[in-house]
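Trainee: Those sequence lines, one after another, are chains H and L. Read in order, the letters of the first sequence correspond to residues 1 to 468 in our numbering. Read in order, the letters of the second sequence correspond to residues 1 to 231 in our numbering.
Some chain L residues near chain H, calculated using beta-carbon distances under 10 Å: (1) Tyr134; (2) Gly135; (3) Pro171; (4) Leu195; (5) Asp198; (6) Ala202.
Read the hints as simulated data drawn from the structure, not as lab findings. No experiment lies behind these values; they were computed from the predicted model shown. Glycine residues also receive a C-beta, built at the ideal position from the N, C-alpha and C atoms.
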Amino acid sequence: MKNIEFMYSKIALLLVLILMINLGCERDLSDEVEFATLGTNGEIFTDSPIGLGSDFYFPFLGSKPTAWTVDETQGYESEASMRFDVPNANDPEGNYAGAIFRVDGAGRNLTEYDALTFWAKASQGVTIGEIGFGQDFLENKHQVKVSNVSLSTNWVKYIIPIPDASKLFDERGMFWYSAGTQETAGNGYTFWIDELKFEKLGTIGQSRPMIYGGEDVDFQTFVGTDGLVDLPTVSFNLGSGQNVTVNAAHSYFDWTSSDLSVVIIDETGYSRSINPGEAKITASSAGVQAEGSLIVNVLGQFNFAPTPTRDPSNVISLFSDVYDNVPVDFFNGYWEPFQTTGSEDFEINGDNILNYTNFNFVGTQFQNPTVDATEKSNLHMNMFIPGDIPSNLDFLISIVNFGDDGVTESDRQQVFFNTSNFVANTWSTFEIPISMADRSKIGLIIYENINGSSLTNFYLDNIYFYSE
Amino acid sequence: MNKTIKYNIKDKALGFMSFLLIAIFVISSCSTDETQTVAKFENLVWQDEFESDGQPNPANWGYDIGTGENGWGNNELQFYTERPENVTVQNGILVITAKEEDYNGSSYTSARLLTKGKFEQTHGRFEARIRVPYGKGLWPAFWLLGDDSNGTEIWPEIGEIDIMEYVGSEPTKVFGTVHGPGYSGAEGVTKAYELENDRFDAGFHVFGIEWAPDYINYYVDDVLYNQITPD
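Looking at chain H on its own, in the form it has when it is part of the complex (with noise of 0.2 Å):
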C-alpha cells in the first residue's frame, strides 16, 4: 500500500508544478529584467577586420585555405583591404578560392540595415562567381548571394541588399564569397574587397521577390514525398535604377500551402506530400507577395517496389535501401551532347527512387572501383513505368566489363526488353543472368531506348548483383 501512497504523492507534486508554471505565465516581468541585447554594428572591415574574433575565416572544401590576406598596401581610400588570391586550376593547395567569414562569439543584430555594402576591384576584369552574406555553416538559414559580380581594375561599390532584414536579428554570418577560374582559363588573379559593411542606405526599392522564375509550375507527386522547393529569388531597384537580384534563402519567406490536407511545407521551404489532391505553393518576402506558384499535384500512395530478401551476403548493391550501396560515380552522367534524358529522383517514406525523365539514353557508372561480380549470377533490378506502357516499348541494357586498367571496355552484355516485359500500374522484376566470361571489372551500365521507342519516363530501384 505504500507504493500507492508515494504514487499519489508523485502526482500531487506534478499538478503543484504545472500550477506554478502557469501562474508564472500570467506574471509581469520584473523591472529588473534586462534583455540580452546583440551588438548591432554593421561594420565587418573598414581597414582591419571589425569585432569578428579570433577565428572567423573558414574556406569552402576544396578551396585553397590561404587564399584571403589583408593587405596593408592598398585600399578603398585607405592603406589597408582585403585580398582575395584566386589561385590556379592546377594548384595543388586547392583549385578555387572560397570562404565564410563567422563571427567568433554572439551574433549581431542587423535588423536597421537594408544592404551589406562593399567597394572592390580586381587585377584584371574578372566575375566572381557568389557574393553574399548569411552563411554561417550551421543552419544557413539566411544565406543570400549575388552571382556573377562583374570586377574591374578601380575601386567600385557593390551593394546586396537584404531581402528582409528583421530576419537578421541574430546573425554570425558576416560575408562569404566563392571564386574561380572558369573565365580566366585557369589562370589565377588577385581581388580586393574594402569597406565591408551592413548599411542602412534606404535608396533601395521596388524589392520583387519571386518563386519558381514568376512561373506556376505543376509538379506530381505521391503521398510520403517530402521535397524543398526552388530558392527563391528577390529583385531589388537600388538608388542609382539599376536592378539586383539575390538569391535567398527559404527562410526569409512565408510559405502557405493552399490545402493543409494535402500538402504541407515549414518556414524552410521544406514540403511533405500528406494526402491526394491538389495543393498551391506560394509565398511572400517581408509583405509582398511572390511571383510564382508551384502547384502539386498528389497522386495517391506510391507503389513500392517488392522489398528485396536476399541475404546481405549474397549481394554487391547499387542503390537500394535495403543493403549497403558500393561507391558509384554517378547514376546520370548527362552525357553531352545527344543525351536528353534528365534525373527526378524522389524520396518516399526513406525510400529513395531513381527517376529518369525525357529519356532517351542514360548511364550508371561505378569505376571507383569497379565491381568484381565473378562470384554473381545475377543482375537485379526493378523498373516501373508511370501511366500507360509504350506500345513500340523496346529497352536495352548494356552491362560493360573493364580491362585491366578499370578504364578500357573489354566485354558488354547486352538485355532487350519489350512492352510484354511490363504490365501498367506494375513494378517489373529484372533477374537478368550474367553470362559475360569476365566480369570481374564491371562499371557501367547504360539504357538505352531503341528502334523508335517512345519510352519517356520510368523510376529504378533496387539495382543489385547477387548470387542465389
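Based on the hints, put chain L in the right spot on chain H.
Mentor: Then chain L, alone, in the frame of chain H:
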C-alpha cells in the same frame, strides 16, 4: 537669366498641365512654413483635395487627348485618354496610370490633366503632394505652362515652370526647371534635387514652388533647393 523672363513668365498667367501619377494639389496661402523664408502666401485661391471617387472634378480639370504633335514635342509614346483606366480618383488621391497596351496606334496609354480654361494664376505658392512610380521610360511631371492665347503665342515665348519632373530610371532624383525664350528645351534653367536616404517612389513628397515677382523658389518637402531670379 535675363529680362525676358520678367516679361514672358512672370507677367503671364500660367495654367497647370500635368501627366503625373498620383497627386493632391493645393494652391496655398497658408502662412509660410517657418523653415522657408519667403513672401507671404496667405490667400488660398484654388485647391483640389480629390475627395470624391471617380472622375476628377470637371470644374477643375480638362484633358489633353491623343498623341499631340510629335508626342507632345517630346516623342512621348503614349496615347493620352480620360478613361478611368488611365485617370481616376480613389481614396482621396488622384491616380494616373500609365499602361502598356495597344490603343489607337500607340503602344502605351496614360493621362494628362490641365486647368487650362478653368484656372489661371500668376504668382503664388503652387504645390502638390505626389508619389511617383519607377521604371525606365516613365517621366511624370507637375508643371505650369503659360496660356497660348488660343494659339497666337507659342512655346517657349509663353513660358513654362516645371515644378517637378522625374525619370523612372533615377528613383532618388527630381528636377525643377524654368523655360522661356533663349533658355528653352535642354537650355532651360534647371536644378536637380536628390534624396540621400530615400527614393521618390517609396512615399509621398510635397513638391512646391513659391513664385513671386523677383524669384521662384523650388521646394521638396521643407527643403528649399533652388532659387531662380530674373538676373
